[in-house]
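Here are the chains, one letter per residue:
Protein chains: 2
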Amino acid sequence: MPRWEPDARLRLVAAAIELFTERGYEETTVAEVAARAGLTKSTFFRYFPDKKDVLAAGQEAITRLLVMGIASAAQDASPLEAVAAGVVRTAEAMTEVTKELGPRINALIASNPELQARAQLKHAALVRSVAEALAARSVSEPVAKLAAELGMLAFADAHAAWITAGNREGFAELARIAIDRLRETMSQIT
Amino acid sequence: MPRWEPDARLRLVAAAIELFTERGYEETTVAEVAARAGLTKSTFFRYFPDKKDVLAAGQEAITRLLVMGIASAAQDASPLEAVAAGVVRTAEAMTEVTKELGPRINALIASNPELQARAQLKHAALVRSVAEALAARSVSEPVAKLAAELGMLAFADAHAAWITAGNREGFAELARIAIDRLRETMSQIT
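Those sequence lines, one after another, are chains L and H. Residue numbering for the first sequence follows full-length UniProt numbering, beginning at 1 and increasing consecutively. Residue numbering for the second sequence follows full-length UniProt numbering, beginning at 1 and increasing consecutively.
Where hints are given, some of them may not hold.
To be verified - The calculated lysine-lysine pairs, modelled on BS3-like cross-linking and capped at a C-alpha distance of 27 Å, are:
| # | chain 1 | residue 1 | chain 2 | residue 2 |
| --- | --- | --- | --- | --- |
| 1 | L | Lys122 | L | Lys51 |
| 2 | L | Lys51 | H | Lys99 |
| 3 | L | Lys52 | H | Lys51 |
| 4 | H | Lys41 | H | Lys52 |
| 5 | H | Lys41 | L | Lys51 |
| 6 | H | Lys99 | H | Lys52 |
| 7 | H | Lys41 | H | Lys122 |
| 8 | L | Lys99 | L | Lys52 |
| 9 | H | Lys41 | H | Lys51 |
| 10 | L | Lys122 | L | Lys41 |
| 11 | L | Lys52 | H | Lys122 |
| 12 | L | Lys41 | L | Lys52 |
| 13 | H | Lys99 | H | Lys51 |
| 14 | L | Lys99 | L | Lys51 |
| 15 | L | Lys41 | H | Lys122 |
| 16 | L | Lys52 | H | Lys41 |
| 17 | L | Lys122 | H | Lys122 |
| 18 | H | Lys41 | L | Lys122 |
| 19 | H | Lys99 | H | Lys122 |
| 20 | H | Lys99 | L | Lys52 |
| 21 | L | Lys41 | L | Lys51 |
The hints are simulated quantities; they were obtained by calculation from the structure and are not laboratory data.
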């Protein structure tokens, strides 16, 4: 990344992806990531508690967008419609940079158990946040939990389609398709 | 475990749980697990490819039971009913030993990223096997995948309730309750 890139967080993520891919996650130090980004180790720790958190950098923003989207859904929206509003809002906010980093982040996570465990915890926290955002709309707990799980399945499907090589659809459109497909699929299950 | 226990696999699992809990997963060697079980290291490797596989010992049996249960469901059963047949059949086969080991295995997995990553992979493989068993009943792929995910959520809920301290309900009964609740919850989502 060029040094004039204004977003230190993004520079650190990009540097970490480069170095983890080149040398391996275990072999890369925080100091090396910071140096590659043209920053200091203490700057790194201002953004991330630990080396393993750097690849989950987008998670907080995603949680915030999901929760805001759910809160802004129409008052009479069903739990799934509310989750859909959150998913589409989040997808709309994702940039080309996120799209390009996606496959590389996924490959790195799959290659390291520590990163995999971290991603799993983050995912569980995301599902909980979505369920809480639904509960705040007076959705009962089991319905909120299940709608959150299903919404995150649709989100993951849409994300996988979005970052697939050769895809030209926008993430938001893919998210709408994934939610529609989920609804259709659910009706064929029971 | 007493040395006359006939099931070498179970003895190895029990020994591993003891030692991992006492000393930590990282600090325990395969040779030590084997010795605690009154067996040799080469016997260990006849049952498990690696130290990290010993806590996922039940997974293959669970997969087999789920797949058999799904295959034996009535021909006109819905995808969810077929998954339910698999889940109930699997729950019926689980013993008190499995129940007692449950909370300790969960605690160990939660304490170690390598075990956590392993458990996640095993879970994903389980969902795939269940989806394949449904596809073999001519269920379409997206419906099979979603029914598998939902069935495994119900299975996890029932398992968590079963191994909760003080629970006196049988696993199969809890599995039936979890599936009924899932069906009821699904109807309130869209």
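Hint check results:
Distance hint between lysine 122 of chain L and lysine 51 of chain L is fulfilled; the C-alpha atoms sit about 15 Å from each other, no more than 27 Å. At roughly 37 Å between alpha-carbon atoms, lysine 51 of chain L and lysine 99 of chain H are farther apart than 27 Å, so this suggested pair is violated. Restraint check for lysine 52 of chain L and lysine 51 of chain H: satisfied, since their Cα atoms lie roughly 24 Å apart, inside the 27 Å limit. Under the criterion of a C-alpha separation no larger than 27 Å, the hint pairing lysine 41 of chain H with lysine 52 of chain H is consistent with the structure, at around 14 Å.
As the CA atoms of lysine 41 of chain H and lysine 51 of chain L are separated by approximately 35 Å, the hinted pair breaks the 27 Å bound. A C-alpha spacing of about 20 Å is found between lysine 99 of chain H and lysine 52 of chain H, which places the hinted pair at or below 27 Å, so the restraint holds. Simply put, lysine 41 of chain H and lysine 122 of chain H have alpha-carbon atoms about 24 Å apart, close enough for the 27 Å limit, and the pair holds. For the hint pairing lysine 99 of chain L with lysine 52 of chain L, the CA-to-CA distance comes to about 20 Å; that is within 27 Å, so the pair holds.
Proximity of lysine 41 of chain H to lysine 51 of chain H is assessed by CA-CA distance (about 11 Å); at most 27 Å being required, the pair is judged to hold. About 24 Å separates the Cα atoms of lysine 122 of chain L and lysine 41 of chain L, which keeps this hinted pair within 27 Å; it holds. Taking the CA atoms of lysine 52 of chain L and lysine 122 of chain H, the gap is about 22 Å. The hint holds against a cut of 27 Å. Between lysine 41 of chain L and lysine 52 of chain L the alpha-carbon distance is near 15 Å, which keeps this suggested pair within the 27 Å criterion.
Between lysine 99 of chain H and lysine 51 of chain H the CA atoms are separated by roughly 22 Å; this keeps the pair inside 27 Å, and the hint holds. Of the supplied pair hints, the one linking lysine 99 of chain L and lysine 51 of chain L holds, its CA atoms being roughly 22 Å apart against a limit of 27 Å. At most 27 Å may separate the alpha-carbon atoms for a hinted pair to count; lysine 41 of chain L and lysine 122 of chain H exceed this at roughly 37 Å. At most 27 Å may separate the alpha-carbon atoms for a hinted pair to count; lysine 52 of chain L and lysine 41 of chain H exceed this at roughly 34 Å.
Between lysine 122 of chain L and lysine 122 of chain H the CA atoms are separated by roughly 19 Å; this keeps the pair inside 27 Å, and the hint holds. Only pairs whose Cα atoms come within 27 Å are accepted, and lysine 41 of chain H paired with lysine 122 of chain L is rejected, the gap being roughly 37 Å. With a C-alpha separation of about 19 Å, the suggested pair lysine 99 of chain H and lysine 122 of chain H falls inside the 27 Å cut-off, and the hint holds. Distance restraint check for lysine 99 of chain H and lysine 52 of chain L: the Cα-Cα separation of roughly 34 Å exceeds the 27 Å cut-off, and the hinted pair is therefore not satisfied.
Distance check on the hinted pair: lysine 41 of chain L and lysine 51 of chain L sit about 11 Å apart at the alpha-carbon level, within 27 Å; holds.
In summary, the numbered hints that this structure violates are 2, 5, 15, 16, 18 and 20.
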